[in-house]
Amino acid sequence: MSSKWEPVVGIEVHVQLATRSKIFSSTSVEFGAEPNKRANLIDVAMPGALPVLNEEAVTMAVKFGLAIDAEIAERCVFDRKNYFYPDLPKGYQISQFESPIVGRGQLSVFREDGSVRQIGITRAHLEEDAGKSVHDRFSESTGIDLNRAGTPLLEIVTEPDMRSAAEAAACFRQIHSLVSWLGICDGNLAEGSMRCDANVSVRRVGDTSFGERTEIKNINSFRFVERALNYEIERQIDILEAGGEVVRETRHYDADRDMTLSMRSKELSDDYRYFPDPDLLPLRLSSEFLDRVRSTMPELPQQKLERFITDYSLAQSVAVRLTRDSNLASYFESTIASGADPHLAANWLLGEVAAALNREEKDYTDTPVSSAQLADLIKRIQDKTLSSTLAKEVLELIWTSDDSVDDIIERQGLRQLDDADEVRTLVERIIVDHPDQVEQIRSGATKVMGFLVGQVMKASQGKADPRQVSDLLKRMLNI
Amino acid sequence: MKPFIGVQELRNDLRAKKYSAVELAHFYLDCISELNDSINCFITVDADRCLDRAAAADRHLAESDPQPLCGIPIAHKDLFCTAGLRTTCASNMLGSFIAPYDSTVVKQIAEAGAVTLGKTNMDEFAMGSSNETSWFGVVRNPWNLSRVPGGSSGGAAASVSSGMTPLATGSDTGGSIRQPASLCGITGLKPTYGRVSRFGMIAFASSLDQGGPLAHSASDVYELLAAMEGHDPQDSTSADIGKTVLPESDRSFVIGYPESLFDDLDKNIAACIERARQQFEALGHRIEVVELPHIDAAIAAYYVLSSAEASTNLARYDGVRYGHRTDVSEDLLDMYCRSRTEGFGLEVKRRILTGTYSLSVGYFDAYYLKAQKIRRLVRDGFLSAFESVDMILAPVTPNTAFEINSLKADPVEMYKQDLYTIPVSLAGLPALALPCGFVDDLPVGMQLIGPHFAEGEVLAGGMAFQGETDWHEHHPSLESASTS
Numbered sequence: 001m002s003s004k005w006e007p008v009v010g011i012e013v014h015v016q017l018a019t020r021s022k023i024f025s026s027t028s029v030e031f032g033a034e035p036n037k038r039a040n041l042i043d044v045a046m047p048g049a050l051p052v053l054n055e056e057a058v059t060m061a062v063k064f065g066l067a068i069d070a071e072i073a074e075r076c077v078f079d080r081k082n083y084f085y086p087d088l089p090k091g092y093q094i095s096q097f098e099s100p101i102v103g104r105g106q107l108s109v110f111r112e113d114g115s116v117r118q119i120g121i122t123r124a125h126l127e128e129d130a131g132k133s134v135h136d137r138f139s140e141s142t143g144i145d146l147n148r149a150g151t152p153l154l155e156i157v158t159e160p161d162m163r164s165a166a167e168a169a170a171c172f173r174q175i176h177s178l179v180s181w182l183g184i185c186d187g188n189l190a191e192g193s194m195r196c197d198a199n200v201s202v203r204r205v206g207d208t209s210f211g212e213r214t215e216i217k218n219i220n221s222f223r224f225v226e227r228a229l230n231y232e233i234e235r236q237i238d239i240l241e242a243g244g245e246v247v248r249e250t251r252h253y254d255a256d257r258d259m260t261l262s263m264r265s266k267e268l269s270d271d272y273r274y275f276p277d278p279d280l281l282p283l284r285l286s287s288e289f290l291d292r293v294r295s296t297m298p299e300l301p302q303q304k305l306e307r308f309i310t311d312y313s314l315a316q317s318v319a320v321r322l323t324r325d326s327n328l329a330s331y332f333e334s335t336i337a338s339g340a341d342p343h344l345a346a347n348w349l350l351g352e353v354a355a356a357l358n359r360e361e362k363d364y365t366d367t368p369v370s371s372a373q374l375a376d377l378i379k380r381i382q383d384k385t386l387s388s389t390l391a392k393e394v395l396e397l398i399w400t401s402d403d404s405v406d407d408i409i410e411r412q413g414l415r416q417l418d419d420a421d422e423v424r425t426l427v428e429r430i431i432v433d434h435p436d437q438v439e440q441i442r443s444g445a446t447k448v449m450g451f452l453v454g455q456v457m458k459a460s461q462g463k464a465d466p467r468q469v470s471d472l473l474k475r476m477l478n479i
Numbered sequence: 480m481k482p483f484i485g486v487q488e489l490r491n492d493l494r495a496k497k498y499s500a501v502e503l504a505h506f507y508l509d510c511i512s513e514l515n516d517s518i519n520c521f522i523t524v525d526a527d528r529c530l531d532r533a534a535a536a537d538r539h540l541a542e543s544d545p546q547p548l549c550g551i552p553i554a555h556k557d558l559f560c561t562a563g564l565r566t567t568c569a570s571n572m573l574g575s576f577i578a579p580y581d582s583t584v585v586k587q588i589a590e591a592g593a594v595t596l597g598k599t600n601m602d603e604f605a606m607g608s609s610n611e612t613s614w615f616g617v618v619r620n621p622w623n624l625s626r627v628p629g630g631s632s633g634g635a636a637a638s639v640s641s642g643m644t645p646l647a648t649g650s651d652t653g654g655s656i657r658q659p660a661s662l663c664g665i666t667g668l669k670p671t672y673g674r675v676s677r678f679g680m681i682a683f684a685s686s687l688d689q690g691g692p693l694a695h696s697a698s699d700v701y702e703l704l705a706a707m708e709g710h711d712p713q714d715s716t717s718a719d720i721g722k723t724v725l726p727e728s729d730r731s732f733v734i735g736y737p738e739s740l741f742d743d744l745d746k747n748i749a750a751c752i753e754r755a756r757q758q759f760e761a762l763g764h765r766i767e768v769v770e771l772p773h774i775d776a777a778i779a780a781y782y783v784l785s786s787a788e789a790s791t792n793l794a795r796y797d798g799v800r801y802g803h804r805t806d807v808s809e810d811l812l813d814m815y816c817r818s819r820t821e822g823f824g825l826e827v828k829r830r831i832l833t834g835t836y837s838l839s840v841g842y843f844d845a846y847y848l849k850a851q852k853i854r855r856l857v858r859d860g861f862l863s864a865f866e867s868v869d870m871i872l873a874p875v876t877p878n879t880a881f882e883i884n885s886l887k888a889d890p891v892e893m894y895k896q897d898l899y900t901i902p903v904s905l906a907g908l909p910a911l912a913l914p915c916g917f918v919d920d921l922p923v924g925m926q927l928i929g930p931h932f933a934e935g936e937v938l939a940g941g942m943a944f945q946g947e948t949d950w951h952e953h954h955p956s957l958e959s960a961s962t963s
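For the protein sequence lines, the chains are A and B, in the order given.
When we follow my numbering, the leftmost residue of the first sequence carries the number 1, and every step to the right adds one.
When we follow my numbering, the leftmost residue of the second sequence carries the number 480, and every step to the right adds one.
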């Protein structure tokens, strides 16, 4: 990318709230049901049917607002957004236009290196999802599936605070992590639980006004957000450098071709004729209600992160990684509660355990090793019963069995060699067996030391403590 | 058996086994087959199920504690959804639509034991003041078959007035219960907005629509209201408030008299209401002159707001899921346009266009928002009047029933028919329309307007008046209407 140009990005994230029922009807929300089986007379907009607001959706929106320290509206209004589309049964979508439930807030977005950037959240509002038009099932006509119609959405809108595609992707990831953490969204991107629209423009470095922007609609993965934006930023720069002008339009990202394409402009006008829905009274949130929601809030990632740094003296970057996923964070905390050393616990969770879960495509909710087992393993490292090499072997064994760590150590004879005489005998033998290498070390080639330690470890079948072996060798060779 | 019997007498007769509920149903069904061809107040008659339900009512009547309306026939305005029985809203759009559910009103009335005779004619989607916009043809006024019955609950009012049913449900958005009740010489109540559930009542203008009862007397209206009202968790605008309670019968009221409303009123109609005013005084109530400001702006505000809401309420009739769909279309947009062009009548289209316009970017503030401000001022005017009076006595209509087709070509003149009813609707107040005389052999009505949720008081006022007068006991002679 030419360094003369600076991208400006803001995103809108549609979060499907994990309520039991739809936002204005009692139909249960469930992915993958047979078409139109999850649509009652309100969802199909029968004549005379009326909406009733789902309190659970309101609670979830408020939770998000509290988590980003936002203004929560004491009174907010639901509006009708009018347009005709076959999968929009009422001919309007119930949304919030002028008075959203959640006002201005702040989101802390963590970069890979652990540094933090504050992104402004403009607003978040409640609305209902539309149904789906099914084009590939019938040859002559389009099918309409209203199962999704009326699913509650929280639309989160950020300020144009991001300055790169990577930052926008990190922001989307942070919102994903936060709503999953709060338990208000299942976070399943593949099933469409979150969708991201990105507004992007570029300007000359140093400019204070914004360039003309385009909007990329409906991106459904972190990786695609980054790729779509990178493509679009390059495209805009190319246009501007060639002396052209960016056209304000809606584009869509074609992942197969890795490019953004102009979407056909809507056939119908963009005048949505918003006005307050007379079927729903203005929503008033009492301070008692807010207090009740506040009392159910979990410790937030930011708070937990700061606590991890203070209480366990973890590095910022480690604490960031531990608090990206609430299940990982609580796994970590219960491992420590069972007596494990925090640093070792963090290393093992982010290292060996993460790698193993990754291999099996599992997450921290269904790890086969309990936090108590992991704590036992770490305690055996702390008391030097196990070397880290042996510990990895034990981890593999407890991954597939429910046996206790100590039983496995006993049964497999994996205990670290702690008999000093036995180790000394081994070291002496290796010194005798390798006169050439000993000579090299004595003449200054200290690197060869590693080879001798390795030979001792091999002779001990991995049960010796490498540090102890190394110390002994140095002492016996007088270096 | 005779027509025009009140609820109390029907209940006593049924319980005393003077006749059975089945015999009673037959009596009214016969009345309908005799008169409906010339009056046209029913769109659908549900004779078979009516008789089945009457038979079930007879079994209940044999038990110790039958429901309050057990075995008493009723007709529903054709905008209340009825499971298994078509609900047309008097529109080609819903000409063969059968709802999969009962509206709350229909459900509650059935639970109270009443037996449905059928569905009554109305202005299409309740938009009209003459019942001339119905896809199923004009309803004729039983007092004079060349005249309109009023609207939009014209079928409901004419069916009660002509003796085809003792009770009928209606709905009132800007006067649609009170105006036809007055033009047909019967009693009708528009309850406080939120008193009766709107769930299953096909929407015209959601912030104004209110279901209510029509009957021969205030006492019968009260009986039916008791079955219709109540909090409904399925309607977010339904008020969580107790049942209507009548005040003690000897209570004397302070009745407000908005003199300025009578300035432009037909002198003969004004004379009828003036006479009623004196009768109220004779009954021991006190009359006090009140001012109602901003009334002159109410009609304009009403047509902006009600049309705006209607324009989006009627967006669901797109030919996709139910209702009329055109036979042939080129693409989606063409399908929408043809289906809606064919499905809706002229007045409905006029209001959709008006409403769409007033909600559009650039016009919203000048029309919709300004109309909301007027609405607030009208409401405040009433509330300040109610600081000194218990209820207000006012005209319902500027004239008696007019000739069919006489106003059809002039929508503004037609809209002015609702001059006295619309302000009450904008304020969401309850108002009881009841007969108070005749001009040239056509009935004249008046309305008693109460503060929010003061249905008990206005009904008590109406009952007191009807205890001393017999205007509500006059019935049309139907020889010319009879086809047998």
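Rather than coming from a laboratory, the hints here were simulated on the basis of the structure.
Keep in mind it's a predicted model, so treat the numbers as computed, not measured.
Don't be surprised by glycine CBs; every beta carbon is placed ideally from N, CA and C.
Do not rely on the hints blindly, as some may be mistaken.
Claimed, not checked - Subject to a maximum C-alpha distance of 20 Å in a straight line, what follows is the list of computed SDA-like cross-link-like pairs (lysine to any residue):
no., chain 1, residue 1, chain 2, residue 2
1, B, Lys586, A, Met46
2, B, Lys849, A, Glu98
3, A, Lys81, B, Pro545
4, B, Lys746, B, Lys586
5, A, Lys81, B, Trp950
6, A, Lys81, B, Thr833
As the list claims (entries may be wrong) - Residues of chain A clear of chain B, computed beta-carbon distances all greater than 12 Å:
no., residue
7, Phe24
8, Asp87
9, Gly120
10, Pro278
11, Tyr312
12, Ala315
Unchecked claim - Derived CB-CB ranges, DEER-like:
no., chain 1, residue 1, chain 2, residue 2, range
13, B, Tyr498, A, Lys37, 47 to 53 Å
14, A, Lys37, B, Asp810, 27 to 33 Å
15, A, Glu71, B, Asp859, 29 to 35 Å
16, A, Asn36, B, Asp859, 58 to 64 Å
17, B, Asp859, A, Phe210, 41 to 47 Å
18, B, Pro579, A, Asp311, 44 to 50 Å
19, A, Glu212, B, Tyr842, 26 to 32 Å
20, A, Ile239, B, Asp719, 30 to 36 Å
21, A, Glu140, B, Pro579, 25 to 31 Å
22, B, Thr805, A, Gly192, 56 to 62 Å
23, B, Tyr842, A, Arg294, 56 to 62 Å
24, A, Glu299, B, Asp719, 50 to 56 Å
Comparing the hints with the structure gives:
1. A threshold of 20 Å between alpha carbons decides the hint, and for Lys586 (chain B) with Met46 (chain A) the separation of about 17 Å falls inside it, so the pair holds.
2. Proximity of Lys849 (chain B) to Glu98 (chain A) is assessed by CA-CA distance (about 17 Å); at most 20 Å being required, the pair is judged to hold.
3. A C-alpha spacing of about 48 Å is found between Lys81 (chain A) and Pro545 (chain B), which places the hinted pair above 20 Å, so the restraint is violated.
4. Note on Lys746 (chain B) and Lys586 (chain B): the hinted pairing is violated, with a Cα-Cα distance of about 44 Å set against a maximum of 20 Å.
5. For the hint pairing Lys81 (chain A) with Trp950 (chain B), the CA-to-CA distance comes to about 49 Å; that exceeds 20 Å, so the pair is violated.
6. For a cut-off of 20 Å, the pair hint linking Lys81 (chain A) to Thr833 (chain B) stands: about 18 Å separates their Cα positions.
7. In this structure Phe24 (chain A) is not separated from chain B by more than 12 Å, as the shortest Cβ-Cβ distance comes to only about 9 Å.
8. The claim that Asp87 (chain A) is not at the interface with chain B is violated, since a C-beta of that chain comes within 12 Å of its own (minimum 9 Å).
9. In this structure Gly120 (chain A) is separated from chain B by more than 12 Å, as the shortest Cβ-Cβ distance comes to about 27 Å.
10. Chain B draws Pro278 (chain A) into its interface by the beta-carbon criterion, the shortest separation being 4 Å against a cut-off of 12 Å.
11. Every Cβ of chain B is farther than 12 Å from the Cβ of Tyr312 (chain A); the closest lies at roughly 50 Å, confirming the non-interface assignment.
12. With a least beta-carbon separation of about 52 Å from chain B, Ala315 (chain A) lies farther than 12 Å from that chain, consistent with its non-interface assignment.
13. Range check, Tyr498 (chain B) to Lys37 (chain A): about 49 Å between beta-carbon atoms, so the 47 to 53 Å window is met.
14. For Lys37 (chain A) and Asp810 (chain B), the Cβ-Cβ distance of about 29 Å falls inside the hinted range of 27 to 33 Å, so the restraint holds.
15. Under the hint 29 to 35 Å, the C-beta atoms of Glu71 (chain A) and Asp859 (chain B), about 31 Å apart, fit the expected range.
16. Between Asn36 (chain A) and Asp859 (chain B), the C-beta spacing of about 47 Å breaks the proposed range 58 to 64 Å.
17. Checked against the given bound of 41 to 47 Å, the beta carbons of Asp859 (chain B) and Phe210 (chain A), roughly 45 Å apart, stay inside it.
18. The hinted window of 44 to 50 Å between Pro579 (chain B) and Asp311 (chain A) is violated, with their beta carbons roughly 59 Å apart.
19. The hint said 26 to 32 Å for the Cβ distance between Glu212 (chain A) and Tyr842 (chain B), and at roughly 28 Å that hint holds.
20. Judged by the Cβ atoms, the range 30 to 36 Å given for Ile239 (chain A) and Asp719 (chain B) is violated: they are separated by roughly 59 Å.
21. In this structure the hint that Glu140 (chain A) and Pro579 (chain B) lie 25 to 31 Å apart at CB holds, the actual value being about 27 Å.
22. Between Thr805 (chain B) and Gly192 (chain A), the C-beta spacing of about 33 Å breaks the proposed range 56 to 62 Å.
23. Hint check: Tyr842 (chain B) to Arg294 (chain A), Cβ distance near 42 Å, so the stated range 56 to 62 Å is violated.
24. A hinted range of 50 to 56 Å for the beta carbons of Glu299 (chain A) and Asp719 (chain B) is inconsistent with their spacing of about 38 Å.
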